[in-house]
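J.: Next come the chains, spelled out residue by residue.
4 protein chains.
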Amino acid sequence: MLGHGFMGSAHAHALRTISYMAWPPPLKPRFVELVGHRPEAVAEMARRYGFERATTDWRVLVEDPDIALFDNVGPNDLHAAPTLAALNAGKHVLCEKPLGRTAPESHELWEAAEAAGVVHMCGFNYRFAPAVRLAREMIAAGEIGEVHSFRGTYLQDWLADPESPYVWRLDRQRAGSGALGDIGAHVIDLARFLVGEIVAGDGRVRTVFPERPGGPVDVDDTVEATVEFEHGAGGAISASRLCHGRRNALTFEVSGTKGSLAFDLERMNELQVYVDDTRPGADAQGFRRVLVTGPGRTHVEQWWPPGHLLSWADTFVNEIHHLLRAIAGECDVAPYGATFEDGYRAAEVCDAILRSSEQRACQRIDYRPARTVTSPA
Amino acid sequence: MLGHGFMGSAHAHALRTISYMAWPPPLKPRFVELVGHRPEAVAEMARRYGFERATTDWRVLVEDPDIALFDNVGPNDLHAAPTLAALNAGKHVLCEKPLGRTAPESHELWEAAEAAGVVHMCGFNYRFAPAVRLAREMIAAGEIGEVHSFRGTYLQDWLADPESPYVWRLDRQRAGSGALGDIGAHVIDLARFLVGEIVAGDGRVRTVFPERPGGPVDVDDTVEATVEFEHGAGGAISASRLCHGRRNALTFEVSGTKGSLAFDLERMNELQVYVDDTRPGADAQGFRRVLVTGPGRTHVEQWWPPGHLLSWADTFVNEIHHLLRAIAGECDVAPYGATFEDGYRAAEVCDAILRSSEQRACQRIDYRPARTVTSPA
Amino acid sequence: MLGHGFMGSAHAHALRTISYMAWPPPLKPRFVELVGHRPEAVAEMARRYGFERATTDWRVLVEDPDIALFDNVGPNDLHAAPTLAALNAGKHVLCEKPLGRTAPESHELWEAAEAAGVVHMCGFNYRFAPAVRLAREMIAAGEIGEVHSFRGTYLQDWLADPESPYVWRLDRQRAGSGALGDIGAHVIDLARFLVGEIVAGDGRVRTVFPERPGGPVDVDDTVEATVEFEHGAGGAISASRLCHGRRNALTFEVSGTKGSLAFDLERMNELQVYVDDTRPGADAQGFRRVLVTGPGRTHVEQWWPPGHLLSWADTFVNEIHHLLRAIAGECDVAPYGATFEDGYRAAEVCDAILRSSEQRACQRIDYRPARTVTSPA
Amino acid sequence: MLGHGFMGSAHAHALRTISYMAWPPPLKPRFVELVGHRPEAVAEMARRYGFERATTDWRVLVEDPDIALFDNVGPNDLHAAPTLAALNAGKHVLCEKPLGRTAPESHELWEAAEAAGVVHMCGFNYRFAPAVRLAREMIAAGEIGEVHSFRGTYLQDWLADPESPYVWRLDRQRAGSGALGDIGAHVIDLARFLVGEIVAGDGRVRTVFPERPGGPVDVDDTVEATVEFEHGAGGAISASRLCHGRRNALTFEVSGTKGSLAFDLERMNELQVYVDDTRPGADAQGFRRVLVTGPGRTHVEQWWPPGHLLSWADTFVNEIHHLLRAIAGECDVAPYGATFEDGYRAAEVCDAILRSSEQRACQRIDYRPARTVTSPA
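In order, the protein sequence lines correspond to chains A, B, C and D.
If you read the first sequence in my numbering, its first letter stands for residue 10, the second for the next number, and so on.
If you read the second sequence in my numbering, its first letter stands for residue 10, the second for the next number, and so on.
If you read the third sequence in my numbering, its first letter stands for residue 10, the second for the next number, and so on.
If you read the fourth sequence in my numbering, its first letter stands for residue 10, the second for the next number, and so on.
Here chain A stands alone, though its shape is the one from the complex (with noise of 0.2 Å):
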C-alpha cells in the first residue's frame, strides 16, 4: 500500500475485515508492505496496521516480489508513476479515484492495465454502497422502466469557510482538479453506473476562493453541469465544497417511465424508491424509505440482520472483497466494481466538463480505447 491517510486507513481496515467478515474469505490478505514519505510516520502506520515493512521508497515496494496486490492510496500527483510501475512488474492494482489528474494520464494507466493482463480497480467506492448496489439491480431488472433522466450531486463544507486554510488538493499540480475530480468524479461514476456512458457534457466550473490562508487556489471549489448520455437521456451533475452544512451530501434522482429512485450519502442505509403497487386497489402510492440492510443486500454476506446500518467504511469492505473475489478468479471487478477503464472515462467526462467551461460550449466526448497489445505466441 502506497499513502497511510485517512484514506489509507480506510483500505487497511477493509482488509483486516475482509478476513473474517467475508467467510470464507475469497483470498487472505497478507499486509507485507506500506510506503509514505515520512519514515516516523509510515512506520508507526505499519505498526498500527500490521504491515510487515515500511518504506519510504514506492519502488521498492513495486518490485517486490511478495506483492500481489498494490494499493494505491497516495496523493493523486502519486497515481501513476508507482501504479504503472506496480502494473510492469505484474501486480493487480487497486488505485484510488481519480485515477489520474487528467484523462490522458488516467488512459495510460488503463492502457498499462489491459496490457499488463492483471486485475485492476478504481476506488469508486460508492458503487459498494447497499443502497447503491440496490438501485443499480433495480434498474437492470427494468422496476423503473426506462431511465430518462438523472441529477447527482454532491455537497460537501469542510471548504465553506473562505478562511479555511490551503491544503494540497487546492493545488492542480498535485490534485489534477478540485471539486470536480475528487467529488464530483464519485457523482459521474455513479450516473455511468447507474444509467449508461455519458457522450456530451456541459458545465460551469467555479472558483469562488481564489485565495486561501496558506496559499493561492487554482483549482476548482464549485461546478455545475449537465450531460447526455446514450440512448438519449439527460442530466445534471453538481459538487461543491463550500456547502455549509452538507457534511459529505452525495445525493442523486433517477427517473424512469415506471418509477424513481433518490439516494443520499449521509443516510447511506437508504434508498428511497417510488414504483407504483399494483396491489387491487391501492391507491397510498408515495417514495419508500427502504432501509437497505441484512443477508443478501449488503455485498458480504455476513453482514448484520436487518436494520443494523452500515458503515461508510463498510464500502470498503465491501469493494475490497469483491477485488479479491476477482483476483481469486470469482468474478471479474466489472460491472459492479469499477476498473481502470471506469476510472479514465470518468476523466474524460471530467476534462469535457472543464472544456465546456472555457470554451462555454457543450462538449462531445470520444472515448479512446486501449491499445490493443497483441502477446508474442
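Please note that a few of the clues may not be correct.
Claimed, not checked - In silico DSSO-like pairs for lysine-lysine, Cα to Cα no more than 30 Å straight-line:
1) C/Lys267 x A/Lys267
2) D/Lys267 x B/Lys267
3) D/Lys37 x A/Lys37
4) C/Lys267 x B/Lys37
Think of the hints as simulated: they come from the structure by calculation, not from any bench.
Keep in mind it's a predicted model, so treat the numbers as computed, not measured.
With chain A held as given, fit chains B, C and D onto it using these hints.
T.: What follows is chains B, C and D alone, placed relative to chain A:
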C-alpha cells in the same frame, strides 16, 4: 377575471379570503365579472364564487368601467391580448405566469404596463410562501453571508406515465414552452428573487415523449440548465413533468459564505436553515427544520398561531393581499412581489436556455429596458 | 357562533369557504349572530366575518329563531350552559372539544342532544385531515390487517418556557384539565376513531410548572398513559405543552398484523404507510411517504390537484362541510365525524386517566348510555 | 468468549478492530478461547476470528489462566452460571444484556462482580452511539435545562408476521422475558443514562401472538409503560417486536426546560437538537439534524472525518474500547459505560413493569445494594 380552471379557483378563493383574513383588508374585492369560453361553465363558476356577471367575450370585461383590476388566469395564449387591452383601458393587472409565451411577448406586456402607469403583478406565487419569504429576508440580512450558489429543481409527475393523454399545455402555440416555462419559470423567478439577476444560461431542453394519446407534443417535458448570476454566483436549474413520485417538488438550496437554506414545496411550511450557532461551546450544528408559521412570519398577520400549517392556496391569499396593498398605495409590488418586469426577465432566461439548447452553447442574456414613454405635459 | 378567538376565526373561515369550495354546497351558511363578552371586539369580529348581528349575551343568540345551527367555540366553561340552551331551543349544535370539562358534564350534553333529536358534532377536526381519513379507510379495508397497537402523542411548546405567562387554559375551573383535555383528548379521539373503543386507562398526570407569572397553575401540563382497547389491542398516549421545538406535533402510529401507518400533524398532508408490496420479486419495502392530496382524497372534492397541500384551517372546512351535509340529511355525523357521544366518551377516558393518576392504578371505563327519551306518539 | 451467534460476531469484530482503530490501543486483545455448544460450528467460528482454542464446555474457559476477560454473548439462560464462575476465577467480565433473566439473578451477578473486585460491564452498547453520547453530554452541560420528560420506544418487526417461527427468545425459561427484557431494557438503560434513576413503573405487557409455528410463546411481544424518575421527571417507554416497517427503531426524545433532543437508531449518526439560538435577531428556530461524526465526537478518536457514518457494529468497538481502557486503569466503566449495577437496575425496572401489569397498579422500585464484602486484612 379571465379563466376559471383550477387557477381561477385559487385566485377567487384568495380574493374571497382576503376580505376577512387580512383585517382590515387594504381593499375589499368586488367580484364584478368572469370570462370563460363555455357559457354554461362560466355561469356556474360565477355563481360559485359570486361574480356579478359572466361573459364569454373578454372584450366586454376589459372595457367594463366597474372593473379596476383585471386578473388573467387564462391559458398562456390568452395572456397577451386581453391583458394589453386591459392595460390600455387603464386597469391594474394581475397575470399568471408565464407572462407571455416568449420574451418578446412578455416584454410587450411589461412595456404596456409601464406606459399605462398601473399596478402590475405577475403570478409567481411561491414568493409568498412564508418559508420563501423568510429565506429572502435571511439572505438580505446577511445571515448566510454572501451567496455563491443556487440549485433549484421543480419536479412533477403528472406526465410521468407515457400514456398520459394530450392536453393544451403540450401545444407550443398555446403554451409557449413546456416544463421550462410552466414550472422551470418558477425556479428561475425564485433564483432571481433570492440571489439576483441571471446574466447567462446554458441548458438542454428535452421532449422525452414526443407522442401522447391525443396528439404530438411539441414542447419540452424536461430541462436541465446551468445559470450565472451577476456578481459571480452560479447555479443549476432543472424541471421535469416526468418524475414519478414527485407530486409538486419545487426545491432549492442557496449556499452562502456563512450558511445555507433549503426548501421543498411538498413541505412548504418548512425552511431548512444552516447557520452556525454562536453560543459559547455550541458544537451541535446541523440543518434546522424551521416551521415558518405564526404571527410575523406569514405575510397576512391574521393567520394562525405557530405550528398551524398554511396551504398551497394560502400563497395566493398572501400574494393578492400584497397586490391589493400596492393598489391601495400601501407598498410597491416590488421587491416582494413579481412585477411584469420580473415576468419579462424570467422569460428572457427561459428563451436563453432554449437558444442554448439549440446552439449547444452558453447564451448571455441582454435584458431590454421598457421604452420610456413621456407623457405630454 | 359563540366565541371569536382564533378558533372562532377558524370556524368562520370554514363556513365562508364552504360556500364555494364544496360546490354545490349542501347548505349555504348565513352568518346570523356572533356572541362575545367584549362589545367592541365582538362587533369588530362580526364586521370582519359578515355576521348580521353581534351581542354579548348568549341567551339572545340561543333563542333567536333565525338560527338553525349553534356553533360554540367559546372557552371550555362556556360549553355546557349555552349549548344546553341551544339544544333546548331545538338547534343543531357544533361544540368545540373538550365537550365538557368533565365526563359528567359531557354526558349531560350528549344526553340533551339525543333528547333534542338534532344533529350534534364535537369539534375533533383532525378526523378531517385527509391523511387521517385515509388511515381510517385503510384500516377499515383491512390493509394493515388486525390492529394490535396504537401509540399517539401530542406535543406542543407554547408553555415550554417556565416564564410563559398565565392564561385561562391553566385554570381548572375554566378549562377542566390541561394538556390532557386540550390536546390529549385529540389523541384519544383519534385512537378511538382508528382502533376502537378504549376500555381502560392508566397514566400519570403532571404539572411541571405549578407557578407561572400571573398565577398558580392547577391543571396538568404533561401526561403519559397506557390504554387498553376492546378486542385486545393496547396503546400509549401522551401529551405535553412543554416540549421545545414541537410546535404542534400530534403524531400516531398504528400497528397491525399486515402493516403500519404513521402520521405527524406538523406534516399533515402526509401519511407514512408500510404495507408489503406484492409485486413478484419486490423486496424494496419500506415506509412510504404518501402525499394525501388531490381529488378523492380530500373530503371536499373541489380542493386542488395532487401535490397541492391543504392547511390546518382546511380541516375545519372539511369538518363543517360534513356537518352541513348531515344537517341536510345527506349523511350521518358518525362515523367519520365526532358526535357528542364521541365527545363524552373521550371525556370518560380523560377522567379515567386522571383517576388512575390519583390512585396509581389502572381504571376500567364504564361508559354510561344516554337515557332513552321516548317521544309521545 | 462464550457464544458465537450474531452478537458474538459483533464482539469479535470489535475486538479485532480496536487493535488498530484505537491507536495505540489501551490493551491489545488476544483471542484465547471460544465456547459454543456445537463442536463444528465453534471450531469454524474460532478459525474465522482467530481464537487460539475452541471448546464446548464453558467450565474449561472460565478456569483458563490465560484468560483475563470473559466475554459472555451466550443466550440469556447462560448469562448467570458461567459469568459467576468467571467472577469467582477473578476474571474481568463483559456480559450482554439482559444481565440476568430476572432482577434477583441480575443482583446476584452484580454482587458477585463487586465481591470479586474486577472490572464488569453490561452490554448496553447504545450508550456508545456517538449521537447518544452527545445527548448525554449536552444534558450534563445543562444545554437543554432541567429535564422533565423522556419518551422512548424500541420497535422491531422481526415477529410482525404471525407466521414467523418459534425461536428460543420466545421461551421464558431461556429468555427471561420478551420484548421487555430484550429491547425494552435498552430504552430503560438509555432513560437512566440520560435522565436519572427510575423510581416507579407502571405498564401493560402483552403477548399478541401466543402461538407460533414451532411452539407456544410464553413471553411478551409488546409492552407500553409509564415511568417516574427521581427528582420528578416522568416518561413513557414502549417496545414491540410486531411493528411492520420498523426494522430497528430505538427512538427517544428528551425534553428539558431549555431544549429537546431526539434520536432514532435507524438514523443512528444523527441527533435532533432543539435549543434556542441566541444570536441577536435569530428567529429561525427548529430541530437541528446534527450529524454526530468526526474527531471529538465518536469516542475512538481515529474514526473518520466529519460526515463519514459509523455503523451499528462500531458501537461495540467504542464500547469494548472503553472496557479495555477501564481494565487498563485509564478510566472507570461508569458513568459512560453500563456496569453490572446498571444491568441489575434495568432488570428491577423490567420486573416492576411486569408486576404492575399483573397487578394493574403502579410499582415503586426499591433497589437493593450489593452486600459489602470485607476482605480479611
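J.: Each hint: holds or not?
T.: We went through each hint and held it up to the structure:
Between C/Lys267 and A/Lys267 the alpha-carbon distance is near 26 Å, which keeps this suggested pair within the 30 Å criterion. For the suggested pair D/Lys267 and B/Lys267, the alpha carbons sit about 26 Å apart, so the restraint of at most 30 Å is met. Note on D/Lys37 and A/Lys37: the hinted pairing holds, with a Cα-Cα distance of about 22 Å set against a maximum of 30 Å. Taking the CA atoms of C/Lys267 and B/Lys37, the gap is about 54 Å. The hint is violated against a cut of 30 Å.
Of the numbered hints stated above, the single one contradicted by the structure is hint 4.
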